[in-house]
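Fit chain E to the known structure of chain V by using the hints.
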Amino acid sequence: MLELRLVQGSLLKKVLEAIRELVTDANFDCSGTGFSLQAMDSSHVALVALLLRAEGFEHYRCDRNLSMGMNLNNMAKMLRCAGNDDIITIKADDGSDTVTFMFESPKQDKIADFEMKLMDIDSEHLGIPDSEYQAIVRMPSSEFMRICKDLSSIGDTVVISVTKEGVKFSTSGEIGSANIVCRQNQTVDKPDEATIIEMQDPVSLTFALRYMNSFTKASTLSEQVTISLSSELPVVVEYKIAEMGYIRFYLAPKIEEDEEMKP
Amino acid sequence: MAGAAADQALLDLVPQIHALFSDPLRVISYKWLSRNFSVSSNDAKRLLQEFVNKNGTDLQIIYSVSGWLKNNPQNYCVKLTSGPKLEEARQEFKDSCSVQVYSIQACIPKDTAVLWNPEFVQAEELFNQPFDEENCLRDNRFCGVLNSFVKRTSNGKHVSSLPPKPINSAVPAAQSKPSVTPKEQSVTARQQDLPGLSSPKQGAGNKPEKDNSTVLDKAGNAHANKNKAQNGKALPSNGGSLANMWGRASAKPKPPATTNSTAIASVAATADAQICAKEEADADSSGDEQGIKYKRGSSNANNRSRRAVFDFSDDEEDDNIVSIASPELPKQHAPGPVTETAEDTEANQKNLENKEDIPSNVKGCSRGLDSEFTSECKTKSANTMSHSGITLKEKSSDPPINDNKQNSTADPASASPKRRKVLKTRIDERGREVTEVVWEGEASAGDKTEKNVTSTAVSGAALPSKPQQAASTDKSKAPSKTAGNKKPDTKAGTKQGSIMSFFKKV
Numbered sequence: 001m002l003e004l005r006l007v008q009g010s011l012l013k014k015v016l017e018a019i020r021e022l023v024t025d026a027n028f029d030c031s032g033t034g035f036s037l038q039a040m041d042s043s044h045v046a047l048v049a050l051l052l053r054a055e056g057f058e059h060y061r062c063d064r065n066l067s068m069g070m071n072l073n074n075m076a077k078m079l080r081c082a083g084n085d086d087i088i089t090i091k092a093d094d095g096s097d098t099v100t101f102m103f104e105s106p107k108q109d110k111i112a113d114f115e116m117k118l119m120d121i122d123s124e125h126l127g128i129p130d131s132e133y134q135a136i137v138r139m140p141s142s143e144f145m146r147i148c149k150d151l152s153s154i155g156d157t158v159v160i161s162v163t164k165e166g167v168k169f170s171t172s173g174e175i176g177s178a179n180i181v182c183r184q185n186q187t188v189d190k191p192d193e194a195t196i197i198e199m200q201d202p203v204s205l206t207f208a209l210r211y212m213n214s215f216t217k218a219s220t221l222s223e224q225v226t227i228s229l230s231s232e233l234p235v236v237v238e239y240k241i242a243e244m245g246y247i248r249f250y251l252a253p254k255i256e257e258d259e260e261m262k263p
Numbered sequence: 001m002a003g004a005a006a007d008q009a010l011l012d013l014v015p016q017i018h019a020l021f022s023d024p025l026r027v028i029s030y031k032w033l034s035r036n037f038s039v040s041s042n043d044a045k046r047l048l049q050e051f052v053n054k055n056g057t058d059l060q061i062i063y064s065v066s067g068w069l070k071n072n073p074q075n076y077c078v079k080l081t082s083g084p085k086l087e088e089a090r091q092e093f094k095d096s097c098s099v100q101v102y103s104i105q106a107c108i109p110k111d112t113a114v115l116w117n118p119e120f121v122q123a124e125e126l127f128n129q130p131f132d133e134e135n136c137l138r139d140n141r142f143c144g145v146l147n148s149f150v151k152r153t154s155n156g157k158h159v160s161s162l163p164p165k166p167i168n169s170a171v172p173a174a175q176s177k178p179s180v181t182p183k184e185q186s187v188t189a190r191q192q193d194l195p196g197l198s199s200p201k202q203g204a205g206n207k208p209e210k211d212n213s214t215v216l217d218k219a220g221n222a223h224a225n226k227n228k229a230q231n232g233k234a235l236p237s238n239g240g241s242l243a244n245m246w247g248r249a250s251a252k253p254k255p256p257a258t259t260n261s262t263a264i265a266s267v268a269a270t271a272d273a274q275i276c277a278k279e280e281a282d283a284d285s286s287g288d289e290q291g292i293k294y295k296r297g298s299s300n301a302n303n304r305s306r307r308a309v310f311d312f313s314d315d316e317e318d319d320n321i322v323s324i325a326s327p328e329l330p331k332q333h334a335p336g337p338v339t340e341t342a343e344d345t346e347a348n349q350k351n352l353e354n355k356e357d358i359p360s361n362v363k364g365c366s367r368g369l370d371s372e373f374t375s376e377c378k379t380k381s382a383n384t385m386s387h388s389g390i391t392l393k394e395k396s397s398d399p400p401i402n403d404n405k406q407n408s409t410a411d412p413a414s415a416s417p418k419r420r421k422v423l424k425t426r427i428d429e430r431g432r433e434v435t436e437v438v439w440e441g442e443a444s445a446g447d448k449t450e451k452n453v454t455s456t457a458v459s460g461a462a463l464p465s466k467p468q469q470a471a472s473t474d475k476s477k478a479p480s481k482t483a484g485n486k487k488p489d490t491k492a493g494t495k496q497g498s499i500m501s502f503f504k505k506v
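Each protein sequence line maps, in turn, to chains V and E.
Take the first sequence: its position 56, counted from the start at 1, is 56 in full-length UniProt numbering, and no numbers get skipped.
Take the second sequence: its position 259, counted from the start at 1, is 259 in full-length UniProt numbering, and no numbers get skipped.
Among these hints, one or two may not hold up.
Claimed, not checked - Which stretches of chain V does chain E cover? Using the computed rule of at least three CB atoms under 8 Å from a CB of chain E, they are: (1) 126-134; (2) 243-252.
Stated by the list, open to error - Residues on chain V that point at chain E, a partial pick, calculated with CB under 8 Å: (3) Glu17; (4) Ala46; (5) Leu51; (6) Gly83; (7) Asp85; (8) Thr206.
What the hints assert, rightly or not - Keeping only pairs whose Cα atoms sit at most 25 Å apart, straight-line, the calculated PhoX-like set for lysine-lysine is: (9) Lys168(V) - Lys240(V); (10) Lys149(V) - Lys495(E); (11) Lys168(V) - Lys495(E); (12) Lys217(V) - Lys77(V); (13) Lys164(V) - Lys217(V); (14) Lys240(V) - Lys149(V).
Derived from the structure by calculation, the hints contain no laboratory data.
By construction, the Cβ of each residue, glycine as well, lies at the ideal position given by its N, Cα and C atoms.
Same shape as in the complex, but just chain V:
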C-alpha cells in the first residue's frame, strides 16, 4: 500500500515536464525515505536522479519498497489534468499493476481520480558516489537556461570553463562563435540572483548543448541551479526542490579524440 499526498501538486507536474523529454520510461522507487527516480536517457549519455523526501509530503505511507514503471509522457498527460493548486495524491496497492493519481482542488469541491497502467521496465540502476568536485557554480536557473538556449543557436556543444575570474560558456559553429562569462556576484538582498563560484582547481569541459537545454526544463522548480564540474566526472546540474529534495542531471562530457597525444 502506497499513499503519498503532496499538497504542492504543481511540483510534481513540473518534475514530470522537466524529465519527460530526456527519459520516456522510468521506474519510480518508493521507500520509507522518499519517492525517487533514476533513469538514463536512451543513449546512456545523461542520467537523471530525482528525490522527493518523505518529509516533504503531507502524508507519506509506503508499507514496502515499491518500484513502479511508468511511461513519463503518459504520466505527464495525466498530471496535466491537475490544476496548479491541486493537491495530488499518488496511490498504489501492493501487487497492483496500476497507480492512481488523485487530484483535489484546493477548496475540496472537486476530486479527480486518474488511474494509469504501470509497465515493467528493465532499468539499470547506477551507483553514484558522492564526489568532491573541482568547481561548483551556483547561478540563477533562468540565467543558465538563457545561456544554453542562446549558445545552442550557434553551436552544438558548450565548453564550460571555470577559472578564478568566473565561469565561461563558449561555443562555436558555422556562423561564428560565442563566449559568455559570468562573474561571481553575491547580491545580499536578492540571494536568488547570486552567482557563486567555488573552485578548487580550474576546470574546462565540453558538453552537448542538446542535453543541457533539456536539463533547463527544470528551471521552473528552482530559482537557482548548481553546476558541479570535475574533469574526471560527469557534470552535475542540480535543481533543488524546496524542502523536498532535488532533481539532478548528470551528463558525460565530450572527450577530445586526439587527447591522448597531447600529454
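Positioned in the frame of chain V, the structure of chain E alone reads:
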C-alpha cells in the same frame, strides 16, 4: 431446398427464437435472424414461418407482400404489412403475390424504424469487426445474390474480382430494378429503361417467373445455393466499411419513410413505399441481386456509364467515404484521371461494394442512381416500360458472366491486395535496429514501392555505439588530468562519452 438434416438444424433454432422473443421490445426479422445464426435468408424466413405456425396467436407479425399491383400492373411492388392488415394489403395485388414473414415481435412498434434498426446495428457490428474476422456480411454468403464476378473460396477468402471487360458485356442483362413504387417517377423511369437495356430474350424468360409469387422463393433459393457453392467472400473489409458508411448515409432519410410504411394502406402511394419496397426487395434474395446488378451495369456498361459512377460517388458525398473505406486504392488510382486502370479499379470497387450490401446500401445506391440516371434512362428507351418490373430474372444471365469472371478473377481482386504495407526490421551496419515500412508486392499500374524508413535507433543516431564508448572510457580518465588547463573548443575532435563509463551498475 435444404435437406432434412439442414431442416433439423433449423428447427433446433426455434427454441432460441423463443428465448429471443421473450424480450418484448425485440424485433426479430428474418434478416437479423439470418445473420445472427448464419443461416440463409430463405431459411430464416421459413424458420419464422414455422415459429408463427406454432405460436401464431401471441405474436405480431409483419409480412412482406410482393407482387404486381392491380391498379398499376406495370409495377412490381413489395410491401410490409402487419398481420391484421394482410388481407387488405393483398387486395391491392394481383392474384399471385408472395407473402412472407418479414419479422415477428411482441408488439408492432410505433416507430417503424425500429423494424429496421436492429438489422442496421447488427450490420454495423459485423462490418466493424476486424478485417480478418469472418462473418456472414463480409463474405455476403446469405445475400442470395450472386455476383458472378466475385469468386468465393470455401474459407471465405476473396479470391478474385472481375475484370472490366466481362462486366461490360454483362451489363445490359444485369440492369434491372426490382422494387417499384408507383409514385416515384424517377424510379419507374429507371426501371423502364433498364429492362430495355437487358436483352429481350432474358426479359421474356424472366417475366413469367416473376409473376408467380412462389417463384421468388425459388429464385432466392437458387441464388443462395449458388452463392454457397461459390462460397465467395465479397471483398476485403475495405468494401465492407464503405458499404457501412453508405448505410449510415442513407439511414437519415430512412426513418421518416419507414414510419409511413407501417401504415400499409398509405405505403403504396408514397415515396415511403418505394423505400419500403426497396428494402423488401433487398431483403429478397433476388432484390439484392437486382440492386447490385443495376449498379454494376451502370458503372461498367461503357464509358458513359462509368463516368456516371464517378459522379455518383461525388454527388453522394462519398469522396471521403471511399478513401476511408479503401485507402489504398483511391490513392493509387486517383479517380480523376479517366485512364483505363483507374476505371477498372473503380468498377471493381463498386462491384465489390455492392456485394456487401447492407439493407440501406441498396437504397443508397438506388437513390444515387435515381438522381443521376433518371434522365439518362428516360432518354434511352421508352419501350422498355412494360418490362420495368421484371428485373428479377437477370440471374439467368449470370452464368455466362461467371465464366468470364473465373478467368479474370485474379486481377481485380488483386487490385487492392497486391500491394501491402509490410514492416521490415533489420540491423544496419552501425548496429542500430532499423524498422522500415515497405510496400510489398508487385507494383501495379507503375506504382513504385515507396519506402518510409523509420529508423528506431537503439542507440541514438549521432551517438557513439557501445564499443566506442568502451574505448573512450580509458581515454576519459587520461584527459581529465589535463582538462582544467585546456580549452577544447573544437567540436570536431570530440566524442560523446557515456555516463555508464563513470558510474558502476548497482
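Do the hints match the structure? See the list:
| no. | hint | in the structure |
| --- | --- | --- |
| 1 | 126-134 | holds (count 5) |
| 2 | 243-252 | holds (count 3) |
| 3 | Glu17 | violated, 22 Å |
| 4 | Ala46 | holds, 6 Å |
| 5 | Leu51 | violated, 16 Å |
| 6 | Gly83 | violated, 36 Å |
| 7 | Asp85 | violated, 37 Å |
| 8 | Thr206 | holds, 5 Å |
| 9 | Lys168(V) - Lys240(V) | holds, 23 Å |
| 10 | Lys149(V) - Lys495(E) | holds, 22 Å |
| 11 | Lys168(V) - Lys495(E) | holds, 21 Å |
| 12 | Lys217(V) - Lys77(V) | holds, 17 Å |
| 13 | Lys164(V) - Lys217(V) | violated, 29 Å |
| 14 | Lys240(V) - Lys149(V) | holds, 21 Å |
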